[in-house]
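Once you have looked at the hints, place chain S on chain A.
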Amino acid sequence: DTAVSQTPKYLVTQMGNDKSIKCEQNLGHDTMYWYKQDSKKFLKIMFSYNNKELIINETVPNRFSPKSPDKAHLNLHINSLELGDSAVYFCASRDHGSGYGYTFGSGTRLTVV
Amino acid sequence: DQQVKQNSPSLSVQEGRISILNCDYTNSMFDYFLWYKKYPAEGPTFLISISSIKDKNEDGRFTVFLNKSAKHLSLHIVPSQPGDSAVYFCAASGKSGGSNYKLTFGKGTLLTVNP
Chain A
1 DTAVSQTPKY LVTQMGNDKS IKCEQNLGHD TMYWYKQDSK KFLKIMFSYN NKELIINETV
61 PNRFSPKSPD KAHLNLHINS LELGDSAVYF CASRDHGSGY GYTFGSGTRL TVV
Chain S
1001 DQQVKQNSPS LSVQEGRISI LNCDYTNSMF DYFLWYKKYP AEGPTFLISI SSIKDKNEDG
1061 RFTVFLNKSA KHLSLHIVPS QPGDSAVYFC AASGKSGGSN YKLTFGKGTL LTVNP
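If you read the sequences in order, they're chains A and S. Each residue of the first sequence is one higher than the one before, starting from 1 at the first, in the working numbering. Each residue of the second sequence is one higher than the one before, starting from 1001 at the first, in the working numbering.
With the rest of the complex left out, here is chain A (with noise of 0.2 Å):
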């Protein structure tokens, strides 16, 4: 009964290949996100997803495409995978009628090798 889960927890893989994480939430949210925790440990956005449109996209290269079939699911694919994509990624949901707060997903460590 997690609320935000994603998909999978850990992934390791070799530059140049095509990943995808999955992102899905169970709150009834309408809002989703997707943040970056890079080696400096700082959190940074990278999109957000309203009832499926894209609301937010910060400066990330095109190779990070995210999609949203529906408002409960945000998946994250990347392309051409590189080094400097190593990071922990996390999704977050938030309900925009009823607060300010994210509820967070447990992250996903990706590093690329």
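FYI, nobody ran anything at the bench for these hints, they're computed from the structure. Just so you know, not all the hints are guaranteed correct.
[As the list claims (entries may be wrong)] Using 30 Å as the maximum straight-line C-alpha spacing, the simulated DSBU-like pairs for lysine-lysine come out as follows:
{"id": "1", "chain 1": "A", "residue 1": "K9", "chain 2": "S", "residue 2": "K1056"}
{"id": "2", "chain 1": "A", "residue 1": "K41", "chain 2": "S", "residue 2": "K1102"}
{"id": "3", "chain 1": "S", "residue 1": "K1068", "chain 2": "S", "residue 2": "K1102"}
{"id": "4", "chain 1": "S", "residue 1": "K1071", "chain 2": "S", "residue 2": "K1102"}
{"id": "5", "chain 1": "A", "residue 1": "K22", "chain 2": "S", "residue 2": "K1107"}
{"id": "6", "chain 1": "A", "residue 1": "K71", "chain 2": "S", "residue 2": "K1054"}
{"id": "7", "chain 1": "S", "residue 1": "K1005", "chain 2": "A", "residue 2": "K40"}
{"id": "8", "chain 1": "S", "residue 1": "K1056", "chain 2": "A", "residue 2": "K52"}
{"id": "9", "chain 1": "S", "residue 1": "K1071", "chain 2": "A", "residue 2": "K41"}
{"id": "10", "chain 1": "S", "residue 1": "K1068", "chain 2": "A", "residue 2": "K41"}
{"id": "11", "chain 1": "A", "residue 1": "K67", "chain 2": "S", "residue 2": "K1071"}
{"id": "12", "chain 1": "S", "residue 1": "K1005", "chain 2": "A", "residue 2": "K44"}
{"id": "13", "chain 1": "S", "residue 1": "K1107", "chain 2": "A", "residue 2": "K36"}
{"id": "14", "chain 1": "S", "residue 1": "K1068", "chain 2": "A", "residue 2": "K22"}
{"id": "15", "chain 1": "A", "residue 1": "K41", "chain 2": "S", "residue 2": "K1107"}
{"id": "16", "chain 1": "A", "residue 1": "K19", "chain 2": "S", "residue 2": "K1102"}
{"id": "17", "chain 1": "A", "residue 1": "K36", "chain 2": "S", "residue 2": "K1005"}
{"id": "18", "chain 1": "S", "residue 1": "K1068", "chain 2": "A", "residue 2": "K44"}
{"id": "19", "chain 1": "A", "residue 1": "K40", "chain 2": "S", "residue 2": "K1107"}
{"id": "20", "chain 1": "S", "residue 1": "K1071", "chain 2": "A", "residue 2": "K40"}
{"id": "21", "chain 1": "S", "residue 1": "K1107", "chain 2": "A", "residue 2": "K67"}
{"id": "22", "chain 1": "A", "residue 1": "K22", "chain 2": "S", "residue 2": "K1054"}
{"id": "23", "chain 1": "A", "residue 1": "K36", "chain 2": "S", "residue 2": "K1102"}
{"id": "24", "chain 1": "S", "residue 1": "K1054", "chain 2": "A", "residue 2": "K44"}
{"id": "25", "chain 1": "S", "residue 1": "K1071", "chain 2": "A", "residue 2": "K44"}
{"id": "26", "chain 1": "A", "residue 1": "K44", "chain 2": "S", "residue 2": "K1107"}
{"id": "27", "chain 1": "A", "residue 1": "K9", "chain 2": "S", "residue 2": "K1107"}
{"id": "28", "chain 1": "A", "residue 1": "K9", "chain 2": "S", "residue 2": "K1068"}
{"id": "29", "chain 1": "S", "residue 1": "K1071", "chain 2": "A", "residue 2": "K36"}
{"id": "30", "chain 1": "A", "residue 1": "K40", "chain 2": "S", "residue 2": "K1102"}
{"id": "31", "chain 1": "S", "residue 1": "K1056", "chain 2": "A", "residue 2": "K41"}
{"id": "32", "chain 1": "S", "residue 1": "K1005", "chain 2": "A", "residue 2": "K41"}
Chain S in isolation, oriented as in the chain A frame:
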């Protein structure tokens, strides 16, 4: 361009004493502030928040203080317990609560509470 700064990467306190975690921000458009707590291999979890119209918010052992003129907030934990050992993130948001709302986070402070 760090809009939210947590200048202390780590803090160590004794069990039962007070823990004070600090956060500074530069964007004067921020008007809502939150603290998140993160254990290893888990996502951040919401702890406490404060609106810019207040200068203090208390929830049990946790109190957040906001000094708008100094663009500074702090989280006080009294008394500190070993289970409080975690990374604490300060976060801030602007006035929009709508669909383009986002949180800006600091780098976090690792709190260690020693028994």
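Under the criterion that the straight-line Cα-Cα distance not exceed 30 Å, is the pair A/K22, S/K1107 satisfied?
25 Å, holds
Do the alpha carbons of S/K1068 and S/K1102 lie within 30 Å of each other, as the hint requires?
20 Å, holds
Please work out if S/K1068 and A/K41 have their alpha carbons no farther apart than 30 Å.
26 Å, holds
Pairwise hint evaluation, A/K41 against S/K1056, where the allowed Cα distance is 30 Å at most
Holds, at about 28 Å.
Could you grab the alpha-carbon distance between A/K71 and S/K1054 and see if it respects the 30 Å cut-off?
34 Å, violated
Holds or violated: S/K1005 with A/K40, Cα cutoff 30 Å?
This hinted pair holds, its Cα atoms lying about 13 Å apart.
Does A/K36 lie within 30 Å of S/K1107 when you go C-alpha to C-alpha?
12 Å, holds
S/K1071 and A/K36 were given as a pair; does the straight-line alpha-carbon distance stay at or below 30 Å?
The given pair, whose Cα atoms are some 25 Å apart, holds under the 30 Å limit.
Restraint status (C-alpha distance of A/K9 to S/K1107 at most 30 Å)
Distance of about 22 Å is within 30 Å: holds.
Can the restraint linking A/K41 and S/K1102 be considered satisfied, given a maximum Cα separation of 30 Å?
18 Å, holds
Is A/K19 close enough to S/K1102, meaning Cα to Cα at most 30 Å?
Roughly 26 Å separates the two Cα atoms, so the pair holds.
30 Å limit on alpha-carbon distance, applied to hinted pair A/K44 and S/K1107
Holds, at about 10 Å.
Of the numbered hints given earlier, the model fails hints 1, 6, 8, 11, 14, 22, 28; all others are met.
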